[in-house]
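Based on the provided sequences and hints, a complete structural model is requested.
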Amino acid sequence: MTARPMAEHEIQRILALVPWLVAHPGALKSDVAERFGISTKQLERDLDLVLMIGVPPYSPADYIDVDAEGETVTIRMADSFRRPLRLSHHEGLALLAAARTLLAVPGSDTAGPLATATDKLAAALGDPDISVVLEAPAHLSVLRDCAARGLSVAIDYWTQSRDEVTTRTIDPYVVYFALGEWYADAYCHRAAEQRTFRIDRVLAATPTTQHFDVPDDWAPRAEPYAGRDTDPLVEIELAASARWVCEHYPVESVDDAPDGRLRVTLRVSEASFLEGLAIRLGPQMRVVGAPPEGFSVKRVARALLGRYGATSP
Amino acid sequence: MSAGVPKTERVLNLLALLLETSRPLSRAELTSEISGYPSSETACRRSFERDKELLRTLGVPLRTETLADGVEAGYRVLPREYFLPDLDLDPDETAALTVAVGGVALGTAAGSGALLKIGALASGASVPIAALPMVPALERLFAAVRRRCVVSFQYPSGAKTVEPWAITSERGRWYLVGRDVERNERRTFRADRIVGDVSLGPDAAFDVPPDADRSARVATAPFDNGGASQTVRLRVAPPAATTATTRLGDDADVTPQADGSVICEFEASNIDAVRSFVLEFGDHAEALEPQELRDSIVTWLRQILDSECA
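Residue numbers (my numbering), protein chains in the order written: chain A, 1 to 313; chain B, 1001 to 1310.
FYI, nobody ran anything at the bench for these hints, they're computed from the structure. Treat the hints with care, as some may be off.
Among chain B residues calculated to face chain A with C-beta under 7 Å, some are [what the hints assert, rightly or not]: (1) Glu1033; (2) Gly1103; (3) Ala1166.
The structure presented is a predicted model; accordingly, all values stated were derived computationally and were not measured. Every residue, glycine too, gets a C-beta built ideally from N, C-alpha and C.
So, in structure tokens, the structure goes:
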């Protein structure tokens, strides 16, 4: 059984390889190998296998004819595999999803080759109803434009966890969509380090005339906001109905507790973040053990009550 | 003798024969014709079952039909179901799809498999501009939407039977939109919440209503619990305004105020969900209407204070 993924991979490649070779007689082996991401040696092994494919009554004329002497390769008589395998549902969906996602990015060319290719692909797949919606926060286009042109940009940014608005200049290396939000992975001149910014929290964005280069050793972040190892760990208990918290915020661990409750640990840089969560969740959340310094749900609840002209009990 | 024939070769020959035949063939016919199957009956059956499964994994539409004797299963692959219809892509279009697969992180290798089939170059590594991870249930749901099959699956709130109208991705998540057969109403299901397998009924089992709303409306869907809706008005102050209005999307009317804040107006029946939304923005958001929402917030906050004091 361990050999199975290997066979699957190999068969998949050969089923894609044969029709391509039929359509491109005399192709250079090195080109073919590069196109299919394999070595020339592996290509030759694949071709040896292809030679063995035939149909009854298995007379010489019923086998695929491979001419692979020298630098080029030509395939004939591959009737059974002459045309490419139909896209599986999964592949069709993946291709459509990728194409529709790019088309949904604000500013994409909705009449260009990607759009026409997507239409053809959808038609071939039976026009399944699949759509992708990406919201566009106010300053997305400015940040995308600056990232594309390599221009530093001055932003007003709201840090929700500290409820603080700051002005800073950033070099947006890449702007991307993940976990339902748009982010900019950028060098922040104010913090003098690489930071991730949520575009819907950018309150103002003004391009500067200053150019930046993306450093050679820069690597995109794996996750938009992984907690920092130096932030203190806090343990909370959540009701089953508050399970969404684990999907929404990066948590360190989730364990089952009695009555369907969950024990969750997460890294908390600001007490105000945890206060906000406690106010939203009410009885669905409880801090286990020591809360972070300065943590007071009471103070926050009182302040909000004042907002509604109500007094605290 | 079976040891001498690589599995890949055996499976490729099996596929060639299944495509070539004009009538369904029994397992005995297939395994005696193709070299590479073990001679022992049990081992042969097992190998054949595994090969069948492998072909299905590869997306080969393997048909199982009952043979003339009315008992035995016969197998074949219809060429029209197997071959990719000619997409007639020009080089620019192929290149554009290649860029799309490289630019969108779907968390699956299916995209590159598809590229090979349409004759595109395997795309090199690039920084994705969007991450939209696929989830296991999607493949079956996709097939069901195409073929208009009724689907059944387990959802956290229980077993569901749904006429699937559309698959849509909003806020970075995949949703199934369709008619909940039992409740006879339009509903939205999160694809990643589906537990286990999705089973499909017969093809062409229903028609999508021509006026069907296919969007998941995830922005305000949580605010709708099927009850009577009321008009909600919120005031959101500047730092949180963009976040709140982006979140609400097109479903809310937004009116900017002179002081930089915005008034958001939308319909909602689930007051508890709106309360949670308002409280997320802390001091920057205030519920103006309806009074029931304001009361709900006050009661909620008092409960928190009570339990904190206890």
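For each hint, the structure was consulted:
At about 6 Å, the closest approach between the beta carbon of Glu1033 of chain B and any beta carbon in chain A falls short of 7 Å, and the interface hint on this residue holds. Contact between Gly1103 of chain B and chain A, as hinted, is supported at the beta carbon level, the nearest pair being about 6 Å apart and thus within 7 Å. Interface restraint check for Ala1166 of chain B: the shortest CB-CB distance to chain A comes to about 4 Å, inside 7 Å, so the restraint holds.
Checked against the numbered hints listed earlier, the structure breaks none of them; every hint is satisfied.
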